[in-house]
Amino acid sequence: MFGSDYREIEETANGIVFNIEHFHVHDGEGIRTNVFLKGCNLHCPWCCNPESISPDPQIAFYKKFCTGCGKCQNICPQHCIEITGDGKSRTDRSRCIACGACEKVCPHGARELFGHRMNVAEVMEDVEKDSFYFMNSDGGMTLSGGETCLQPEFARALIEAAHRRYIPVALETAGTVRWENLWKVAELADEILFDLKTTKTEHFAQVGNIFLKKVLNNLHNLTVNGKIITVRCPIIPNFNDTAEHLENVAKIATDFGIKKIDLLPFHQFGRHKYEAIERAYCLKEYPEMERSKVEEMADCLRKRGFQVSVGG
Numbered sequence: 138m139f140g141s142d143y144r145e146i147e148e149t150a151n152g153i154v155f156n157i158e159h160f161h162v163h164d165g166e167g168i169r170t171n172v173f174l175k176g177c178n179l180h181c182p183w184c185c186n187p188e189s190i191s192p193d194p195q196i197a198f199y200k201k202f203c204t205g206c207g208k209c210q211n212i213c214p215q216h217c218i219e220i221t222g223d224g225k226s227r228t229d230r231s232r233c234i235a236c237g238a239c240e241k242v243c244p245h246g247a248r249e250l251f252g253h254r255m256n257v258a259e260v261m262e263d264v265e266k267d268s269f270y271f272m273n274s275d276g277g278m279t280l281s282g283g284e285t286c287l288q289p290e291f292a293r294a295l296i297e298a299a300h301r302r303y304i305p306v307a308l309e310t311a312g313t314v315r316w317e318n319l320w321k322v323a324e325l326a327d328e329i330l331f332d333l334k335t336t337k338t339e340h341f342a343q344v345g346n347i348f349l350k351k352v353l354n355n356l357h358n359l360t361v362n363g364k365i366i367t368v369r370c371p372i373i374p375n376f377n378d379t380a381e382h383l384e385n386v387a388k389i390a391t392d393f394g395i396k397k398i399d400l401l402p403f404h405q406f407g408r409h410k411y412e413a414i415e416r417a418y419c420l421k422e423y424p425e426m427e428r429s430k431v432e433e434m435a436d437c438l439r440k441r442g443f444q445v446s447v448g449g
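Add 137 to the 1-based position in the sequence shown for the working numbering, that's all there is to it.
Incorrect hints may have been included.
As the list claims (entries may be wrong) - Computed Cβ-Cβ distance ranges for the label pairs, DEER-style:
no., residue 1, residue 2, range
1, 302, 351, 52 to 62 Å
2, 219, 419, 26 to 36 Å
3, 269, 391, 31 to 41 Å
4, 161, 259, 29 to 39 Å
5, 253, 345, 37 to 47 Å
6, 348, 161, 23 to 33 Å
To be verified - List time: in silico DSS-like cross-link candidates among lysine-lysine, alpha-carbon distance up to 27 Å:
no., residue 1, residue 2
7, 421, 200
8, 351, 337
9, 440, 397
10, 430, 397
11, 397, 421
12, 364, 421
13, 337, 266
14, 430, 388
15, 410, 225
16, 321, 351
17, 421, 351
18, 337, 421
Keep in mind the hints are simulated off the structure, nothing from the lab. Source: prediction; values computed, not measured. Glycine included, C-beta positions come from ideal geometry on N, C-alpha and C.
Using the sequences and the hints given, assemble the complete structure.
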């Protein structure tokens, strides 16, 4: 389909991908195939993809599926897996190199490798399977994460490859990287899904060592450069489910000429992943955000002329 130069580029450019999901309908226009890049410079307490935070591959362990058969223990090249007194396997993560050998031999799906090094050609081979659906729904590929722009060269190469196949691309970002790296990727994206985590400076200390001013400067620069942007706002109980936050979002969107806003209610769908990768989860007892309340917030924004969706 392409010249040898493009083939060489697509087989050389590579990065860490932790998932590719098909038939999404909330992350951009039409039917989407989402490519999730690993690594994030935030640590949002509500994150539903905690496996995206570390930039490195890692093994998840689902204890309830483990029968203690010992196949993982026998195959591990690091000898860092043992069968414990409760008949379950346990991994010494300090010695684990996330090679994925244990995942391949587990007969019950108790082990899963999050993070595979893939080249552009391998990713696009998977994405292209949905080309028919893209054409018939005005859909395309969505680059998500993690923070996509922490792998800027790889992300840009993916967008270039998608465009060679006439596949539109939406880029999801929280705008937390240097402008140079953000623009390296965003320049080519057909639309931007901009995750605005909070609108209060003091809240950013709870999600990462990032300044709100930097995020807003990046958002402003994207609008100045003519990008099509949807602002996406997670709504978290007792954090930003307030009239003040809603007013701040409306002001930012108005000032920057942004018309589309997604409100994303807090949920517990990713809770099991924290235990699987042995990462602390501090919102176990948090109630899920009531959709009716988020719909009320959406109606307030709609009355001010914004196009608003709940849930993406």
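Now for the hints, and whether the structure bears them out:
1. Checked against the given bound of 52 to 62 Å, the beta carbons of residue 302 and residue 351, roughly 34 Å apart, lie outside it.
2. Distance hint check: the CB atoms of residue 219 and residue 419 are about 29 Å apart, consistent with the given range 26 to 36 Å.
3. With their beta carbons about 39 Å apart, residue 269 and residue 391 fall inside the hinted range of 31 to 41 Å.
4. For residue 161 paired with residue 259, a C-beta distance near 20 Å fails the hint of 29 to 39 Å.
5. At about 25 Å, the CB distance of residue 253 to residue 345 disagrees with the hint of 37 to 47 Å.
6. The hint said 23 to 33 Å for the Cβ distance between residue 348 and residue 161, and at roughly 31 Å that hint holds.
7. Only pairs whose Cα atoms come within 27 Å are accepted, and residue 421 paired with residue 200 is accepted, the gap being roughly 18 Å.
8. Straight-line distance between C-alpha atoms of residue 351 and residue 337 comes to about 13 Å, which keeps the hinted pair within the 27 Å bound.
9. Under the criterion of a C-alpha separation no larger than 27 Å, the hint pairing residue 440 with residue 397 is consistent with the structure, at around 13 Å.
10. Proposed proximity of residue 430 and residue 397 is supported: the alpha carbons are some 19 Å apart, at most 27 Å.
11. Between the alpha carbons of residue 397 and residue 421 the distance comes to roughly 31 Å, so the proposed pair goes past 27 Å and is violated.
12. Our distance criterion of 27 Å between C-alpha atoms is broken by residue 364 and residue 421, whose separation comes to about 37 Å.
13. A C-alpha spacing of about 42 Å is found between residue 337 and residue 266, which places the hinted pair above 27 Å, so the restraint is violated.
14. A threshold of 27 Å between alpha carbons decides the hint, and for residue 430 with residue 388 the separation of about 20 Å falls inside it, so the pair holds.
15. With a C-alpha separation of about 18 Å, the suggested pair residue 410 and residue 225 falls inside the 27 Å cut-off, and the hint holds.
16. At roughly 17 Å between alpha-carbon atoms, residue 321 and residue 351 fall within 27 Å of each other, so this suggested pair holds.
17. Of the pairs offered as hints, the one joining residue 421 and residue 351 is violated, with about 31 Å between alpha carbons and a cut-off of 27 Å exceeded.
18. A C-alpha spacing of about 24 Å is found between residue 337 and residue 421, which places the hinted pair at or below 27 Å, so the restraint holds.
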